[in-house]
Amino acid sequence: MPSRAQRERRDRRRALELLAGSADGCTEALMLAHGLRIALLVELINAGLASATTDRVVAGGRTLNVVRLKITDAGRQELAGRAR
1 MPSRAQRERR DRRRALELLA GSADGCTEAL MLAHGLRIAL LVELINAGLA SATTDRVVAG
61 GRTLNVVRLK ITDAGRQELA GRAR
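Sequential numbering of the sequence shown, starting at 1, is according to my numbering.
One should not assume that every hint holds.
Pair by pair, the computed Cβ-Cβ distance ranges are [said to hold, decoys possible]:
1) Q6 <-> T54: 30 to 36 Å
2) R37 <-> N65: 17 to 23 Å
3) T63 <-> R37: 22 to 28 Å
4) S3 <-> V67: 27 to 33 Å
5) A33 <-> P2: 19 to 25 Å
6) R10 <-> R62: 35 to 41 Å
7) G81 <-> S22: 16 to 22 Å
8) S3 <-> A47: 16 to 22 Å
Quick caveat, the hints were computed from the structure, so don't treat them as lab data.
Note that beta-carbon positions come from the ideal geometry of N, C-alpha and C, so glycine has one too.
Kindly generate the complete structure, drawing on both the sequences and the hints.
Shown next, in the form of structure tokens:
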């Protein structure tokens with residue numbers, strides 16, 4: 001069984017890979033659907049590896065706020081550094 005630190009590193013990399021693979025970024029809901037935790041997403045934002053913006057969308061006549069995350073250049077550099 002992997003240690004907690006190993007799981008956290010794996011999840012961090014998985015989150016960055018998910019964001020890197022999407023030109024428009026990913027919604028918070030999609031990240032959560034992939035099993036990533038809010039705490040991890042906040043960690044990525046605070047570390048400067050991802051950015052978050054809030055969009056308003058209308059669905060079914062209701063206005064919703066949707067949080068979209070995008071990878072930053074620092075996040076791409078971290079991915080590239082860990083790939084070596």
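Now for the hints, and whether the structure bears them out:
A C-beta distance of roughly 33 Å is found between Q6 and T54, which places it inside the suggested range of 30 to 36 Å. For the pair R37 and N65, the supplied restraint of 17 to 23 Å holds, since their beta-carbon distance comes to about 20 Å. Remark: the range hint 22 to 28 Å for T63 to R37 is upheld by a beta-carbon distance near 27 Å. Distance hint for S3 and V67: a CB-CB separation of about 30 Å, consistent with the stated range 27 to 33 Å.
A33 and P2 have their C-beta atoms about 22 Å apart, which keeps the hinted 19 to 25 Å range intact. Between R10 and R62 the CB atoms are about 36 Å apart, so this pair conforms to the stated range of 35 to 41 Å. Roughly 21 Å separates the CB atoms of G81 and S22, a value that falls within the hinted 16 to 22 Å. Under the hint 16 to 22 Å, the C-beta atoms of S3 and A47, about 21 Å apart, fit the expected range.
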